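Using the hints, position chain Z against chain E.
Each chain is listed here by its residues.
Protein chains: 2
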Amino acid sequence: MYAPNTKIIDIGRRPIEDYVFEAVISFQEGVDEIILKGRGDFISRAVDVYWALKDRLGDSIELSNVEIGSERIRGRMRSYIAIHIKRKY
Amino acid sequence: MYAPNTKIIDIGRRPIEDYVFEAVISFQEGVDEIILKGRGDFISRAVDVYWALKDRLGDSIELSNVEIGSERIRGRMRSYIAIHIKRKY
Chain E
1 MYAPNTKIID IGRRPIEDYV FEAVISFQEG VDEIILKGRG DFISRAVDVY
51 WALKDRLGDS IELSNVEIGS ERIRGRMRSY IAIHIKRKY
Chain Z
1 MYAPNTKIID IGRRPIEDYV FEAVISFQEG VDEIILKGRG DFISRAVDVY
51 WALKDRLGDS IELSNVEIGS ERIRGRMRSY IAIHIKRKY
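In order, the protein sequence lines correspond to chains E and Z.
Per the working numbering, the very first residue in the first sequence carries number 1; after that it's consecutive.
Per the working numbering, the very first residue in the second sequence carries number 1; after that it's consecutive.
Just chain E, same shape as in the assembly (with noise of 0.2 Å):
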């Protein structure tokens, strides 16, 4: 579905500052691509996510999908989103 050098980081109660961390380590490790994933309540969180890294790593990533869906958890339809963001050197 993803391509290999795709991490996914599912955004959760932590500090956003941790995701943020989280995805610049991944890019200097090698990582192609990052999937923010945020679901329900945290699809805000997600968006706030994508900020604070992009206002951190500027022009070296670029925002290459924003995905909306719909999925059954638990026998309850939640949605979510996926920021697909991709490093450019």
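What the hints contain is simulated information worked out from the structure, not anything from laboratory work.
Please note that a few of the clues may not be correct.
[Claimed, not checked] If the Cβ cut is set under 8 Å, some of the chain E residues that face chain Z in the computed set are: (1) 40; (2) 41; (3) 43; (4) 50; (5) 66; (6) 68.
[Said to hold, decoys possible] Taking lysine to aspartate or glutamate and the EDC-like style, the derived pairs with C-alpha atoms no more than 20 Å apart in a straight line are: (7) 54(E) x 67(Z); (8) 54(Z) x 67(E); (9) 37(E) x 41(Z); (10) 86(E) x 41(E).
Computed from a predicted structure; not experimentally measured.
All residues carry an ideal CB built from backbone N, CA and C; glycine is no exception.
Using the frame of chain E, we list chain Z on its own:
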């Protein structure tokens, strides 16, 4: 910026069904594109409204774009989502 026949619906605290109803009426009145705009914590809610609307209107609408942005409101940066939905027929 947007096509003239576009309606922007700002997502806030009202029940999700209210926004769905507003969108359905707008399409019936001849609007070609609706943009669901959610800021801050209402980003998640905008995605929920999209899925409730999709559930209602099915294949007669399509998701044409999902934008995420950041804008300054009263001195603070706030994230937003803009979900673009087009009427197909």
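Verification of the hints:
1. 40: Cβ of residue 40(E) sits 6 Å from chain Z, so the hint holds.
2. 41: Residue 41(E) check passes; min Cβ-Cβ to chain Z is 5 Å, inside 8 Å.
3. 43: With Cβ-Cβ at 4 Å, under 8 Å, it holds.
4. 50: With Cβ-Cβ at 6 Å, under 8 Å, it holds.
5. 66: Hint holds; residue 66(E) Cβ to chain Z Cβ min 4 Å, cut 8 Å.
6. 68: Constraint on residue 68(E) satisfied, holds at 5 Å.
7. 54(E) x 67(Z): Between residue 54(E) and residue 67(Z) the Cα gap is close to 15 Å, so the pair holds against 20 Å.
8. 54(Z) x 67(E): 15 Å, holds
9. 37(E) x 41(Z): 16 Å, holds
10. 86(E) x 41(E): 25 Å, violated
The structure fails hint 10 only (numbered hints given earlier).
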